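Position chain B with the ligands relative to chain A; hints supplied.
Residue numbers (this note's numbering), protein chains in the order written: chain A, 1 to 371; chain B, 1 to 264.
To be clear, the hints were calculated from the coordinates, so they are not data collected in a lab. In this text the structure is predicted, and so the values were computed from the model without any measurement.
With a cut-off of at most 25 Å between alpha-carbon atoms, the simulated SDA-like pairs for lysine to any residue come out as follows:
| no. | chain 1 | residue 1 | chain 2 | residue 2 |
| --- | --- | --- | --- | --- |
| 1 | B | 157 | A | 224 |
| 2 | B | 184 | A | 255 |
| 3 | A | 269 | A | 357 |
| 4 | A | 83 | A | 219 |
| 5 | B | 173 | A | 225 |
| 6 | A | 330 | B | 249 |
| 7 | A | 49 | A | 76 |
| 8 | B | 238 | B | 261 |
| 9 | A | 102 | B | 140 |
| 10 | A | 221 | A | 22 |
| 11 | B | 173 | A | 80 |
| 12 | B | 238 | A | 323 |
| 13 | A | 83 | B | 148 |
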Amino acid sequence: TGGDEVVDLSAYKHIWVFAEQREGKLMNVALELIGEGYRLAKEISEDTKVCAVLVGDGVGHLADECYAYGADEVVLIEHPLLKQYTTDAYTKAITDAIEVYKPEIVLYGATHIGRDLAPRIAARCNTGLTADCTRLDVKVSSYIDYANKNTTLDTSTLDPNDTSTGIKQTRPAFGGNLMATIICPRTRPQMSTVRPGVMQKRDKVAGAKGVLTVFKPEIAKDDIHVQIVEIVKSAKEMVSLTDADIICSGGRGLGDASGFELIKKFADKVGGVVGSSRAAVDAGWIDHSHQVGQTGTTVKPKIYFACGISGAIQHLAGMQTSDIIVAINKDADAPMMEMADYAICGDLYKVIPEIIAEWDNAEALYDASTK
Amino acid sequence: MAFKIIVCAKQVPDTNVIKINPKTGTLIRDGVPSILNHDDANALEEALKIKDQYPDTHITVITMGPPQANDLLFECLAKGADEGILISDRAVGGSDTWATSNTLEAAIKKIGHFDLMFAGRQAIDGDTAQVGPQLAEKLGIPQVTYVEEFNMDKNMKDITVKRQMEDGYELIKLQTPCMLTTIKELNKPRYMSMKGIFGQKEMKVWNAKDIEVDLTTVGLEASPTNVFRSFTPAPKGKGVTLEGDTNNDIAKKLLVNLKGKHVI
Ligand SMILES: Cc1cc2nc3c(=O)[nH]c(=O)nc-3n(C[C@H](O)[C@H](O)[C@H](O)COP(=O)(O)OP(=O)(O)OC[C@H]3O[C@@H](n4cnc5c(N)ncnc54)[C@H](O)[C@@H]3O)c2cc1C
Ligand SMILES: Cc1cc2nc3c(=O)[nH]c(=O)nc-3n(C[C@H](O)[C@H](O)[C@H](O)COP(=O)(O)OP(=O)(O)OC[C@H]3O[C@@H](n4cnc5c(N)ncnc54)[C@H](O)[C@@H]3O)c2cc1C
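Bound conformation, chain A alone (with noise of 0.2 Å):
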């Protein structure tokens, strides 16, 4: 695997997405990245393709969702072998399937499979992997545009006419203090992992039809160095925090357990769902999976409640790109407080009982105040 063979970039062509399911029923993460690799198709040519890799057994039924979502094309990957994911299995079959069809560009959600996968195929590959992306461009014009508007990178040096086609990958590194764009120029595919919640799933199309590509994976028994003796899923339910347009988060400064029975009302109230910070998590008042942050879920709702949570940068790295952020802290100086949209400095347990209260009458409160 000598680093200097020349790869003939030509040669490969297209966007393939990892569209991952458990348990035969897609991950939304899937979704938003057929609706990426949509958006990036159209960046690289009229006859680039988006094309959906389903693996397991007995999935062939989702692929009329992945065309519904977007998908040009589906390759069914299918064998006994795959049913439940392990490493081995699902790392032949998808290397086995990229060295044939030789996809351009290939890319992951970053969930806890994807990130135990994607890095162990581009091993395999010899080619480069960008984790935990949060942006994808490939125009250098549509990469100047969003850097202009949302970053602090000085953009005079990039050309808007430059006609490149390699990817350019956006991604938070140290703790979310600092973006890199990576690029990956000459080795193919070229791969990503991207956050679950961060791109635009597109509108469902119902009855939309691809073309359909069965390839039949090479895989054994002995191929396979796991056992996977049981998958239990935590008593509460998958909490889907990427799909909340109100997430009403709870922090330390709730001081004991109980005070996310406050949250959960307030939660229930507006339709939102339990967001936390990890030293609640930590001090055993929440599960995980609620999780906000770095290492935690990235969230992007439409309003973004943080309670008594002072605004770690780990924290800010999955929830600063919320359309409104709403603190409520005792501390007007909290790193949170200066983030907010709304920045509320009081009691929380004063201040939420109050939202409860005249979150029916928003309306009215609204009306009276322009007239």
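Okay, now just chain B with the ligands, sitting in the frame of chain A:
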């Protein structure tokens, strides 16, 4: 034969205190403490727990980095590891994860036989969580990532782990040799001991030649990924502080504002 464990550990800047120069998009390193990467402390701790139980276990900590990464090895030895190896060479500088795993692979091949390898799930600076799996691939051994519970049979061969998932866990069985990446839920790292600090331990420094790594597969030039640009996120404009005579007034103001923005 003694049970041999390799722990991969990385020295990282403490991201709680680092500052980035917003103009150049580079790290201001002055005065920023370097620490043992959090997840790697859990990796070492799990190895030490095995050694507590089976004292003739031999633990080698391996790190790739600049000369001062020696501090990390000192810390790991003071916690109870037996041997520390630093791979330090300008030729491996600027490596991405593919190239980093090539270097570590070469060093581990030089070490020779091992039974078990631990890495942290993720380093807090590069944040990719890729080096562990890529190294396992190159060494041709199975992996389990996100390990939150570890058990090994007395036969020192059969391993059962819990792998953390977003909504629960998987119970997985596998056999040595294998590579496991660790998360903070796995254990609570111990402190350095006096005996460890003053004890005689082995520390080695290897360069690229020592590990006989193919120089076309390491370093900045060989890395398939390159940093194209780096920058800081744009600071968000200062929002408004809502004030009022009573909490009820403040709550009403908030709702009027949210309604005005059409988000509720
Ligand atoms: C590698 C690494 C990864 C991390 N990943 C994450 C992550 O993913 N997510 C995350 O959240 N953190 C993460 N952290 C932890 C992070 O650094 C902070 O420690 C954590 O976010 C703090 O949580 P907090 O804001 O709830 O607690 P604190 O920082 O203690 O803040 C509590 C806040 O509550 C306020 N308060 C107290 N009482 C009240 C009251 N009655 N009413 C109103 N306000 C009140 C206080 O003024 C204070 O601002 C990570 C850390 C590291 C090192
Ligand atoms: C801003 C920025 C962004 C980057 N983005 C990417 C990217 O998207 N893709 C990419 O391939 N590279 C990337 N890199 C390069 C990457 O940081 C380095 O390759 C680094 O050497 C290893 O990656 P990591 O820090 O992410 O480690 P991780 O893969 O997160 O580390 C996981 C575990 O591997 C072990 N390990 C990691 N490094 C070492 C080491 N030096 N010595 C011993 N054990 C180690 C540790 O056990 C660690 O806990 C980036 C670098 C920077 C500065």
